[in-house]
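**Student:** Read top to bottom, the protein sequences are chains E and Y. Residue 329 in numbering that gives the first Met the number 0 is what sits at position 330 of the first sequence, and the numbering runs on without skipping anything. Residue 75 in numbering that gives the first Met the number 0 is what sits at position 76 of the second sequence, and the numbering runs on without skipping anything.
Everything labelled a hint here was simulated from the structure, so no lab data went into it. These figures come from a predicted structure and were not determined experimentally. Hints may be right or wrong, so weigh each one.
In silico lysine to any residue, SDA-like type, Cα no more than 25 Å apart, as pairs [claimed, not checked]:
1. Lys214/Y - Phe300/Y
2. Lys186/Y - Ser90/E
3. Lys114/E - Ala142/Y
4. Lys201/E - Phe300/Y
5. Lys214/Y - Thr7/Y
6. Lys201/E - Ile19/Y
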Amino acid sequence: MTSLRGLIHKEWLHIRRDRRTAAVLVALPVVQVLLFGYAIRTDVDDVRLAVVDPAPDPATIALRNRFASAGVFRNVAVVQRTEELEPLFGSGAAQQAIVFYPGFAQDLGQCVPAKLLIITDATEPNTASLLQSYAQAVVDGYVRSLPTSHARPAAAPRIVPQVRMRFNPTRESSNLFVPGLIAFVLTIISSLMTAISLTREKETGTMEALLVSPLRPWEIIVGKVTPYLAIGFVSVVAVLIEALLVFHVPLRGSVVLLLFEGGLYILVSLAFGILISARTSSQRLAMMGTLLATMLPNVLLSGFIFPVESMPWALQVIAYAIPGRWFVTIARGIMLKGVGLEYLWPQTLFLASIAAVLLTASVGSFNERLE
Amino acid sequence: MRRILYLTQAEVLHIVRDRILLAQVLIVPVVQLLILSNAATFEIHNTPIHIVDLDRTIVSRGLVSHLAANGHFRIVEATPSADRGDQGMSRGNVSMVVVIPRHFEASLVRTGVGQVQLSVNAEKGSAAGIVQSYAAQVLNQYANELASGRRPLYRQFSGDSTRWGPPQAGPLEVRVRPRYNETQNYKHYMVPGILVGLMTIIGTLLSAQNIAREKELGTLEQLNVTPITRGQFIIAKLLPFWVLGLVELSLGLVVGVLVFGIPVRGSVPLLYGVAAIYLTVALGIGLWISSLVETQQQAMFVTFFIVIIYLLMSGLFTPIDSMAPWVRNVTQGNPVRHFVTISRAILMKGAGPAEIAQPFLILAVSSLVILAVAVRQYRKSAS
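Construct all of the structure, not just a fragment, from the sequences and the given hints.
**Tutor:** Right under this line is the structure:
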């Protein structure tokens, strides 16, 4: 036990002596969350709208005004012919266009329905559906404001949805992405930390000394992890404070539980880093492989940007093994939904078992090196 | 010129000899493209919903069957009380609770307006908006069907089929046309972007790590005492990776077209032309990193951080338009952003030189700047 304490003390001295690295380790997540928190959003609140109105009349003007006053649309161009839209869409200057045909006001009064074409840049399908429904809502509102006539019977039945957005009523992007970002940033920082601590021993040749010391493999692992767990915990707290104060993400559930889960998640990430560094023979290949293997999957499969439920089932299965996925669910659950362990125990169990497996495996890989 | 060729030859030999590295560089990106393009989707189908039908009339049941038949929704449970729906939502296995209140049908018949409560799990922001708009579509469609009397059951029940008049169109006929991605296929949108992402990761990482390795091994000093100039050295170092990057692009394009059926509407030579310029930027950044660091490990980590920031702020995953205004301005300096824009514009929109002129110009300028900085930073003398 004293030898274990000695190892922890040694690691701690390393951290204290190299204050710059320690500062970077704590500051980096804070800076990244700040940057990405403002960058990673999916709100659509500024639509670049082009209007094709070959023969303006009171009705087209009225509908155009409705678009202008809807709040989301910004009129970027009014043109005469549909062909003129092409460069606007091609360069991305316009995202949506409403096309009127001559005689709009006349047709509106007659039995013939007036024609209206709504063109949407659908390169990004999700934004496109939102834009379409925004435009549709404006047009619907306009139709309802028209005087009742034989063309528009008053008594047409309507089913009016009363929509309640649970857990995130304003659908604020930062509420959604910041808890996910915390998971993402912590993964990066943890892998960095363990890599520093283990490869340093290897580079300076002191790893051999550790291996021939009376320390057991698990003691080496624990000794290596504990000080960095402490630093990781400090960055969890820092990032959480930032989320609450800067991004005003609600924290509806228990702080204690969230911190506990954060600690558990850091442990998983550290263990993963240790396992990789312990098994590395050629640094170049291992690091290249790890970086390639973790950079995109971490962004894509953790559900932090793209919902896991939307993925094909094969990928959903793979996502089970991605610890970030569980922590994202837990963080959102505690912060946005205010639920506790009664709902989150499966995710917690998954995280805990991944931690157990990784730690056991890294202890095992130290054994192999001894032979 | 001969010197450049010799050094290039040495580099090529290094790459070809290291089979595992070559495999990593060529195969891993293709595998990632194949797998990850499936992951990057906001597409919403089979949304699990919970139905609370308090009305239990023919009209309310008709609404439920419309929701079930629509294809976007999957009814996981139907109970007469809302509590279980709320629980399901907290647990996360229900995304929307639909409550049809008592007297729904009566109110629809009497006043022409029926109300339905939709509680959407907005934990996943934009997905919630889409789910809501799908639901609204179903409700509208059902209301229109009721109006046009195409539901005999209802006519029979209300007893008065002419009440809402004969089937007819409204005063306005709205047609909606989604441009460029008519099938709303998310992969068509993601593949051109992920391609750029992979080229960036590989290019920057390889060039950053390459020179750092020579530093570690001490072979950089040997090169420094040869008569080769700084410019020649950098050209010779970057040329093989530049070619590798273009090979990467070709592989990715082939996979994209054959496997994912992405459209190629614009000119492929134009895409390659831009890629050629873009790669000099990506490689230049790697080179610049390698001149700042001492070891391969440092090179890896610095590259990792820079590339992550570049990728997440490039509009590859989330739209640039949604970013906070100041972030949007910051991303103007991000070369990845411009190449993602160009790649999507050429492949999906069929954009020509005129439409991509502005981002291309920014890329060209960044290329000059970054190469100039990298050449300046690289000192032939050992410090």
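**Student:** What are the numbers of the hints the structure violates, in ascending order?
**Tutor:** Hints that this structure does not satisfy do not exist here, as all of them hold.
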